[in-house]
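Chains as they are written, first to last, in this note's numbering: chain A, 13 to 338; chain B, 13 to 338; chain C, 13 to 338; chain D, 13 to 338; chain E, 13 to 338; chain F, 13 to 338.
Think of the hints as simulated: they come from the structure by calculation, not from any bench. Fair warning: there could be bad hints in the mix.
Treat identical chains as interchangeable: a pair holds within one or across any two.
[To be verified] Straight-line alpha carbon distances no greater than 20 Å define the calculated EDC-like cross-link-like pairs of lysine to aspartate or glutamate that follow:
id: 1; residue 1: Lys16; residue 2: Asp90
id: 2; residue 1: Lys188; residue 2: Glu99
id: 3; residue 1: Lys129; residue 2: Asp100
id: 4; residue 1: Lys129; residue 2: Asp18
Protein chains: 6
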Amino acid sequence: MNNKFDVVTFGETMLRFTPPGLQRWEQTHSFEIHVGGSESNTAVGLARLGCRVSWISRLTDNALGRMIARTLIQHGVDTSSVIWTEEDRVGLYFLEEGRTPRGSQIIYDRRHSALTKIQRSDINESLFAPGNSRWFHCTGITPALSSAAADVTTYMLDRAKHAGWKLSFDINYRRKLWTPQQALAVCQPLIAQVDLLFSPLRDARELFSLGAHESVDQVLRALKDRFPNATVILTCGPDGALAFNGQRIYEQPAFVTEPIGRLGGGDAFTAGYLASYIRNDDIALALRYGAATAAMKYSIPGDLPLVDRYAVEALIALGETQQINR
Amino acid sequence: MNNKFDVVTFGETMLRFTPPGLQRWEQTHSFEIHVGGSESNTAVGLARLGCRVSWISRLTDNALGRMIARTLIQHGVDTSSVIWTEEDRVGLYFLEEGRTPRGSQIIYDRRHSALTKIQRSDINESLFAPGNSRWFHCTGITPALSSAAADVTTYMLDRAKHAGWKLSFDINYRRKLWTPQQALAVCQPLIAQVDLLFSPLRDARELFSLGAHESVDQVLRALKDRFPNATVILTCGPDGALAFNGQRIYEQPAFVTEPIGRLGGGDAFTAGYLASYIRNDDIALALRYGAATAAMKYSIPGDLPLVDRYAVEALIALGETQQINR
Amino acid sequence: MNNKFDVVTFGETMLRFTPPGLQRWEQTHSFEIHVGGSESNTAVGLARLGCRVSWISRLTDNALGRMIARTLIQHGVDTSSVIWTEEDRVGLYFLEEGRTPRGSQIIYDRRHSALTKIQRSDINESLFAPGNSRWFHCTGITPALSSAAADVTTYMLDRAKHAGWKLSFDINYRRKLWTPQQALAVCQPLIAQVDLLFSPLRDARELFSLGAHESVDQVLRALKDRFPNATVILTCGPDGALAFNGQRIYEQPAFVTEPIGRLGGGDAFTAGYLASYIRNDDIALALRYGAATAAMKYSIPGDLPLVDRYAVEALIALGETQQINR
Amino acid sequence: MNNKFDVVTFGETMLRFTPPGLQRWEQTHSFEIHVGGSESNTAVGLARLGCRVSWISRLTDNALGRMIARTLIQHGVDTSSVIWTEEDRVGLYFLEEGRTPRGSQIIYDRRHSALTKIQRSDINESLFAPGNSRWFHCTGITPALSSAAADVTTYMLDRAKHAGWKLSFDINYRRKLWTPQQALAVCQPLIAQVDLLFSPLRDARELFSLGAHESVDQVLRALKDRFPNATVILTCGPDGALAFNGQRIYEQPAFVTEPIGRLGGGDAFTAGYLASYIRNDDIALALRYGAATAAMKYSIPGDLPLVDRYAVEALIALGETQQINR
Amino acid sequence: MNNKFDVVTFGETMLRFTPPGLQRWEQTHSFEIHVGGSESNTAVGLARLGCRVSWISRLTDNALGRMIARTLIQHGVDTSSVIWTEEDRVGLYFLEEGRTPRGSQIIYDRRHSALTKIQRSDINESLFAPGNSRWFHCTGITPALSSAAADVTTYMLDRAKHAGWKLSFDINYRRKLWTPQQALAVCQPLIAQVDLLFSPLRDARELFSLGAHESVDQVLRALKDRFPNATVILTCGPDGALAFNGQRIYEQPAFVTEPIGRLGGGDAFTAGYLASYIRNDDIALALRYGAATAAMKYSIPGDLPLVDRYAVEALIALGETQQINR
Amino acid sequence: MNNKFDVVTFGETMLRFTPPGLQRWEQTHSFEIHVGGSESNTAVGLARLGCRVSWISRLTDNALGRMIARTLIQHGVDTSSVIWTEEDRVGLYFLEEGRTPRGSQIIYDRRHSALTKIQRSDINESLFAPGNSRWFHCTGITPALSSAAADVTTYMLDRAKHAGWKLSFDINYRRKLWTPQQALAVCQPLIAQVDLLFSPLRDARELFSLGAHESVDQVLRALKDRFPNATVILTCGPDGALAFNGQRIYEQPAFVTEPIGRLGGGDAFTAGYLASYIRNDDIALALRYGAATAAMKYSIPGDLPLVDRYAVEALIALGETQQINR
């Protein structure tokens, strides 16, 4: 309880450029700017829910990199351990938001970004000093970015474990970055160490070759078999989420939403789960907190879960839509 | 029929500031400006539906106060009886529009507004001259603003009654302004005089301690018992509206809507009811007119019921969605 | 296959002015500009789906007329046969987009436009040279604009037929332009020549006095009886589309959509049908292609079907909503 | 002093569509909407400066026509004598604002507008009743629009004269509407009747063939010779304005401005001149008031002189830029 | 050098609402939001120029109050000593930006704000702990807000002096808040203590009755006579600035600017002066730094001096406009 | 005169992202999108001035690359020879527009773009077929992007020369891409071949070590000495331009402008010069045409010279600002 941070996260954050008002690429003449990255999305959610959280990355020291840091700072995330460089570039992505039957389209432009060149020596020794944190969170996106990023992810998980911190990992498989085979080869040794594993159902099926003939429960148990040290959380979108700690399977339905901003829902779930679990050490409650945070996020434009703690808790209490209280 | 106005209303109107595009407070860098106040919302609806209507208030004579008057004037409301002052301030409110499960949030900044300092002597005697109007409408918001505003409300209801006008009152209980006990103490003597009482179901339950175990019909009858002089109208949102005149209960279901602008729906209902009732003296028809006007309002951004009379009547006639007629 | 164009179209295209964000006319202080016209909407759809297409019209040579041409050019439509004039004006229309129960409202301001003054001598002889195209498409809007426009439509259909091109015609009855009697008198001789007739169900009922007691199949057969040379396509909005070639009736349900831009859906259907039919000569497949293109259009703001061929084909293959593929 | 109106004006008002932010036509995807017309610009200026003013025109009764009326109403102009029709169209103009050396470009789309079809019988007899006004103002634009509009202008000047009102006329020659010969033939008999003639220097030179070899004073005297009944006001843009009443030439330099909205500057001058002259009957003072009002207008976007009376008078008093008074 | 902060500031910060694009109040339908307050403007400037700075105030804990804090945090200002309350309101001001001859107009709506209710007991004792800061800066606006705010200003200056910090004070006379007599009565005892006094020339003339017949030098000497303990800085807008420390008068001309955002220029000057003076203890250099920071601010929209340290220093080095370096 | 194109150009075009309204990076939440690249800027200018022009590049085939092509196509530039690839990325740059003394700031993000990977084999042989063009234009930016781009530039100049085309080259030295030494080593052999050399004065001084002690004439002669085959054009911003063909020095002052969009002015000059020279073979006239086109460009937002030919020629004829012609 006397740690400086509750959670330390590590990963890449990008600027996102989106045509306003559901326009197609062909129609827009401006882009709205958002800041998005799985780990920093989770960090913002954690901070908004009352946790002390630090986000670590490597960023180019120009107006674009500073936009990212400034955004995270204003929502309460510590960025004092970010590694700034004059080299390389800031990762970008372009999102065209669709509506049925037009799917959303993403163009990633994140190659050669500053994080892909990170090295172990960039990480300050003092990060893992006693009392600095008690939890480390990362995702399967970072090791997919470059072998350098994979190496530093490995290193940080090791160091965090030795520092006595708990570890969590969100698989977040990105098929535009690598194949399932590549992902498995890199991520399995990492996951083997963690205490808490988050995986979207779809990713679990794709990575571990668990086809439609396997039930969701079977997928959950298969993951637990592979990674016996971890509590496994499976997120199933509108079908809710499940957790398995080896003893019991917990189920949590999804809350009703009118989706405005779908991206970042999974990261919000992770933030809600962690924020609750760190405080209460209660899987069922944490699942509910995660589901409520994700539902709130769906109603918020952009990638960041700009949720209010009181509203998340009111949603859990009522299980229904908030009213205007005049 | 030879009156100068069909309806005179009295109350406070505020500027409303809203982040554009469903953004959270944290995301916006501008506010859209709307003009909103229960009584002037109803006044605009009445004017758009063909009635001659005057709105009375006390406003600070600066650019903000003039924005309010200019907006009402352009939609056909007479503002020549507004009391202008160099003192005090214009009431404001801030609205963040949510989507399920994120509730809309309101910050009121209306204390110390010009209307809270109004005095009986501000009201021009000539207002109640013969032939000036035949109906006076006010709501339970105004007496909640200050004891001065409550006193002038009482005074005006008295004077209007003596002038032989009909009186209508919308309970519009605001829990951010006072407690049910305070509201009852002030409003009951006012309501006792009126010919027509509008109340949202929720307000009726809260003010008169009518819990969930009492049916809607029972609530309606309980109000009629308390206020035997008035026809009582109960609005129940998506469940429609009911009226009871002591003889018969009238029921009106709600029209289907895709809600764009929920605020002001109740005031639009009142406008539709009054506009029809004044013309036709027919409760069933007035209920239907009220419901159609409210449904139209739900599809219009902002607080004001910028409805077209022909479209309201076409909706009543068809009971369905208008088509594009090319 | 060695033609210069797959399809030549002829008609009027207007600038459309729309209040942003579902505002009413009374609320807006700016208009978004779109480009819309039934035939050029279809032309853009054809171009996006891989066809070579030329659009012919008469346009005033000012900034407004050039906006229209520039927009079509950038989406791949040939405009080199457009007749430019210093005279007359560019047709405009104003659209207020509604939501239930508020219907969308259109104000046409297209009288005296350049196309209404077109003459046979404006059409370059070389247009009908061998190998220039293999299909000519027009609609019932153009002959409704003026007797001059009707005369040139007649002339072009004749010339196209003599050049050995296939002919298609979309009835597109506009009650704001003429009566059913006027429309029939002008259009029947034109339709008698065509190979392919598109008609919205509502237009067919209205023009040919086929009331609600006649089933959709009966309407389809009635049209085929009247125009035995043509394959008849009946579009029924959310109820899908049917085709009848004299031998067999083909049915195609509509794809699920979240409608963002309803206008131009029928023109998109035509584009999809033609693009597929020209390539595959298969009515069932063309109907499905038409329905998928229309569904995609519904999710796109504005009049133009800015669809992607790969996405239309993926929709046909999956019959469901696209996912974000990260 | 007991007249209902100080000034009655008559003319056409258009909607103006302008690309935002100094964009070229080729760059814009929206138009800002303004309301502009020489006579209504002057009417708005008069109302803002404290005069009671009525504007008469013929307008199509649709959303566009009502935009015009609503705008004028909210700035204090009476529109109760406007003639509404279901026929014809609302005049439009498109303005691309330039910066040196790129000139502003105007596309007029005002042909076939409702005003061009006006008839003497449209004008209500009661307009010229005793005590209704004491001044009538019109310009040389209206008679240029159509022979019908010219006929009604003639009629109204006649009737106003017989009613004992003073008459003013602004030449406002529009070379896109007619030739100098046509303008002279129509306008000379009109101007012969008026008490006050406004003319831009450029128009005077062009209409009356007064070349660069004639001094400004000579132009002024030439006009006075032609129209001996009128006080002649010559506006010379940044070179100020002159007046000649047959006895004395008055000169007024222009006030310093940073021009934001050049259009409507002349109409603002007229408003300022008339507002002052009606109150004080002092040519020198009226010229100064006109120049100050025009300078204020130059700093205001759009066509309308949304000036504050206190600020115009402060500018006259100080002859310099206003400061922020915190 | 081992202090936690270089400077502590204290004062009120407001939200500013401005019509976009130089519109008049009558033309706007939205307000751009900025954050502005003399002391926090200076704090942001100090932070951007490399100083560690803390801003102290009392703020209502709602979305509006948090907007202010979030903005200051993201530009590097510490807000951990802000006193948050559920009561009162956030100060607002409305700014219409003018252009010659139309002056900018300000409507203040700051009465009853949270800061006006501050008490000595709100200030945490630890603020004045050894090593917490070495400079305290405040202005003459704060004591003008309420007697409570004046009392806390007095208290904080006392405590800061006893803590051995240097004190600076900017007179910033606001005639909308109090009279010169009131201002003098309250401020003179405060100024008597400070080490550094900033005053706009206009304020000095108005407060100390130094008319146009007194030269700028005489004004400067008069201030120094009254407040012998302070170095006196006189800012004269486009005429530059002067400093007098009793021995020597320093003069600094203003840098050339194209003004985009005039508000906050004086606060930026103060930030530049202090940032330089704290580092170098050199009055001439600090004046130049102040003038360069103010000039930079003039080119930046809004109230905050979002300057870059390297650019301020490059401006000082070159004394001319920056070039685009491609 | 029977060539397919008048000019072929080759180079990289980027998307430019700019904060709206002169905001700083710290203030913006959206970027306006423009399309910019020296050679395509010139191509657009040539097309607008009546030349047939083709632009060649290598572009990634995604929504961003297609934005570039679509923009050039709509302004009349042929893009049929663009080489499309699924690989690599689209070059970007970010521009913050400043005002004195705040300089504009550019962040280039163009490394690893598609053009940097171009190969000789990408260029279609048929490009240099007889009659395809008569002029080839490129700049010193392209060879600075990569050795591959430099190699293809060399190759294309060679092939164009052998095809009998005229060659022009704009030095356009970019210090962010290479050193003067590197630039000289690569560019000198290229320039040695060309018929027409454009150089900004600043670039000529920097590349050829011609300091401030050398007059502009001396710089011009030094270039001519080095590159005796070429007519040399020196552009000196507000000081106009000079040309030297070995016989005579031509001087052309700059036209007066109110600069709105400074970027692309040099490319517009080149377009104007070439368009005129190709038609008239007259250096003095071409210089004047170049200066007028550049001045027009300065008044247009964005990078592209969206000039009108008639306006450029009117500017030349009058040598002064255009007036609004109503």
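Status of the hints after comparison with the structure:
| no. | hint | result |
| --- | --- | --- |
| 1 | Lys16 / Asp90 | both (11 Å within a copy, 18 Å between copies) |
| 2 | Lys188 / Glu99 | between (25 Å within a copy, 13 Å between copies) |
| 3 | Lys129 / Asp100 | both (8 Å within a copy, 19 Å between copies) |
| 4 | Lys129 / Asp18 | neither (27 Å within a copy, 36 Å between copies) |
Hint 4 from the earlier list is the only one contradicted by this structure; the remaining hints agree with it.
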